[in-house]
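S.K.: Read off the chains here:
Number of protein chains: 2
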Amino acid sequence: MNRENTRTIHVGDVAVGGVSPVSVQSMCSTKTENVEATLAQIAALESAGCNIVRLAVPNEAAAKALPAIRKGTKMPLVADIHFDYQLALAAADAGFDAIRINPGNIGSNDRVRLVADACKANGIPIRVGVNSGSIPKDLLEKYGATPEALVASAWRHIHILEDLNFEDICVSLKSSSVPDTVRAYRLMAEKTDYPLHLGVTEAGTSYMGVVKSSAGIGALLLDGIGSTIRVSLTADPVEEVKAGIAILKATGLRREGVDIVSCPTCGRTNIDLISLANEVTEKLKDIKTPRTVAVMGCIVNGPGEAREADYGIAGGSGEGVLFKKGEIVGKVPEADLAAALVELIIREEKGANSIIP
Amino acid sequence: MNRENTRTIHVGDVAVGGVSPVSVQSMCSTKTENVEATLAQIAALESAGCNIVRLAVPNEAAAKALPAIRKGTKMPLVADIHFDYQLALAAADAGFDAIRINPGNIGSNDRVRLVADACKANGIPIRVGVNSGSIPKDLLEKYGATPEALVASAWRHIHILEDLNFEDICVSLKSSSVPDTVRAYRLMAEKTDYPLHLGVTEAGTSYMGVVKSSAGIGALLLDGIGSTIRVSLTADPVEEVKAGIAILKATGLRREGVDIVSCPTCGRTNIDLISLANEVTEKLKDIKTPRTVAVMGCIVNGPGEAREADYGIAGGSGEGVLFKKGEIVGKVPEADLAAALVELIIREEKGANSIIP
Chain E
60 MNRENTRTIH
70 VGDVAVGGVS
80 PVSVQSMCST
90 KTENVEATLA
100 QIAALESAGC
110 NIVRLAVPNE
120 AAAKALPAIR
130 KGTKMPLVAD
140 IHFDYQLALA
150 AADAGFDAIR
160 INPGNIGSND
170 RVRLVADACK
180 ANGIPIRVGV
190 NSGSIPKDLL
200 EKYGATPEAL
210 VASAWRHIHI
220 LEDLNFEDIC
230 VSLKSSSVPD
240 TVRAYRLMAE
250 KTDYPLHLGV
260 TEAGTSYMGV
270 VKSSAGIGAL
280 LLDGIGSTIR
290 VSLTADPVEE
300 VKAGIAILKA
310 TGLRREGVDI
320 VSCPTCGRTN
330 IDLISLANEV
340 TEKLKDIKTP
350 RTVAVMGCIV
360 NGPGEAREAD
370 YGIAGGSGEG
380 VLFKKGEIVG
390 KVPEADLAAA
400 LVELIIREEK
410 GANSIIP
Chain V
60 MNRENTRTIH
70 VGDVAVGGVS
80 PVSVQSMCST
90 KTENVEATLA
100 QIAALESAGC
110 NIVRLAVPNE
120 AAAKALPAIR
130 KGTKMPLVAD
140 IHFDYQLALA
150 AADAGFDAIR
160 INPGNIGSND
170 RVRLVADACK
180 ANGIPIRVGV
190 NSGSIPKDLL
200 EKYGATPEAL
210 VASAWRHIHI
220 LEDLNFEDIC
230 VSLKSSSVPD
240 TVRAYRLMAE
250 KTDYPLHLGV
260 TEAGTSYMGV
270 VKSSAGIGAL
280 LLDGIGSTIR
290 VSLTADPVEE
300 VKAGIAILKA
310 TGLRREGVDI
320 VSCPTCGRTN
330 IDLISLANEV
340 TEKLKDIKTP
350 RTVAVMGCIV
360 NGPGEAREAD
370 YGIAGGSGEG
380 VLFKKGEIVG
390 KVPEADLAAA
400 LVELIIREEK
410 GANSIIP
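If you're matching them up, the sequences are chains E and V in order.
Counting from 1 along the first sequence, just add 59 to a position and that's the residue number in the working numbering.
Counting from 1 along the second sequence, just add 59 to a position and that's the residue number in the working numbering.
Isolated chain E (complex conformation):
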């Protein structure tokens, strides 16, 4: 099912599913019981553009910290809980906005009912989140370590909730294998209208993790699958948010700030394109209005090739041109190209803003 056709759930004031914008999540790496450190990290994630923050609640000490954390931030917060239903009740009580718990793992149906009732009473959803590392033995034996096993494992948890008439659900099926992740979500999307939370699990250190997540999450988003995403990196969670936003921009699902389009360097380039592109990227990083800005190496082909861009520069030997929507608006010495482009954009940005009373 295409994301537009899924149900919509709400995590605090963030709608997930249906026609809602795809949201970016991350997870704190602090000890949840360290309220100060956790709130500082939530604030850092919020500044980075994160929409939803998840916290691990592995024990009572963490659970006791939840009310203070809830008081300290307006960010939509998800409590991540394994096995212990009392921790889930504590999170719901504390005013958390969602619970991630797998009902098949918390013991009796009575316990699940208590959790589902608490979530209903507080109007908060449950994320069923399965991953390739924790598929039950019987499903592993039946399906092997396959996407089919992941999907069957998710359905088992979902059915427990549905039997209790709880359907305020979001689902994730993460594998550390990108092809398996993509296959599992595709299989799931064929059969459900619950919104899907996308991620590749244990994706690794920054570089490889960004590549795996961009490929896996990107492929699904491009197919219309997925309503919220988390990039998992063994790195500062702020990096997860940066990567998540970059994936949404790359797949055309978020237009925000400057999108730099620049040639690869090739033997035809007569200017130092790498420095130029990096300088422009850096100087325009605070602009929030969506703008496509081209940094091109060929004065002959540049403006035409980048006609879709809002602004651009193309360098030649010593001199370059400044262009706007494919039309040349000025010639500038190479050394001043970046500055002239940045000045033009910031001037028009201010002009645009000054229209607002």
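Warning: the hint list may mix true and false statements.
A pair counts as met if it fits within one copy or between any two copies, since identical chains are not told apart.
Pairs of lysine-lysine, DSS-like flavour, derived with a Cα cap of 25 angstroms [stated by the list, open to error]:
1. K383 / K347
2. K308 / K383
3. K179 / K133
4. K384 / K196
Since the hints were derived computationally from the structure, they do not count as laboratory data.
Treat the numbers as computed from the prediction; the structure is a model and nothing was measured.
Model the placement of chain V on the given structure of chain E, informed by the hints.
M.R.: Quick look at chain V alone, frame taken from chain E:
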């Protein structure tokens, strides 16, 4: 058409298409006429794992350097030519392994015939490479700046070659938009059995370029589309090769060296997972045998969750475990975890090698 079912072409000793492994390409950023610098860059690309290198041949000075470059390296070399058929003839004469040229742009059919004949005589393929910035006006008017226009533009060039009975062809259709790139290649793959060269054009500076390329190229590769890839970055071309190989590893198309699987950091982790994962990644970077190595934060769940990994460590409070195929093989103080893991792997690596006489 799935990549396995495409025709196979040969760029030097690299087979492209059919069941051949997906190859990684890059392009020199040196001035081609600077033979020494170009050969040095080709060598750097080769060490980085590049399979095919392209050089821009924009003028006679560059063309004159081709024989000396050809003599200086065994790497499969592609000459990138626009408009001037004589430069293409020079590249074929110089012993280059492929020509990238769009026959619709070089003037008369007689000129195309000369190029096709020279390629036939030398047994080298032609890549038809269209991109979103250079779609002919009439196609833009008919289709707008769409994936359909890209595909129509590619067919126009292909038909010119087919009319001359030249079918030793590879095709690329690059857009600076990831969704358009994916759509264009999917449309093309439905209609042709020529092998496809994948890329997102003008992808930008390193970070965003890697995300765009991983999403676009990754999505296609995961669908079974694409026989050779180039990541275009406004950065050192060695970075393009690094990213290309990472995309192949992420999509399961190349197993080479160590694949680190590591948890995201979360409030359940009791060790410094980021440093640990980075240390292990760095220390094992020279191992070429494919190995999945897990670096996990939970001593309880780690070995089980990472049972698919060849080796792994999982950290606890002060102490961690070393495991192999999900079985714990030792307990180690936290400070020695990375070293113990690396030692185990290198020892077995040497053991494995010593079997070879």
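S.K.: Run every hint past the structure and note whether it holds.
M.R.: Status of the hints after comparison with the structure:
no. : hint        : result
1   : K383 / K347 : within (19 angstroms within a copy, 48 angstroms between copies)
2   : K308 / K383 : within (22 angstroms within a copy, 40 angstroms between copies)
3   : K179 / K133 : within (21 angstroms within a copy, 68 angstroms between copies)
4   : K384 / K196 : between (59 angstroms within a copy, 16 angstroms between copies)
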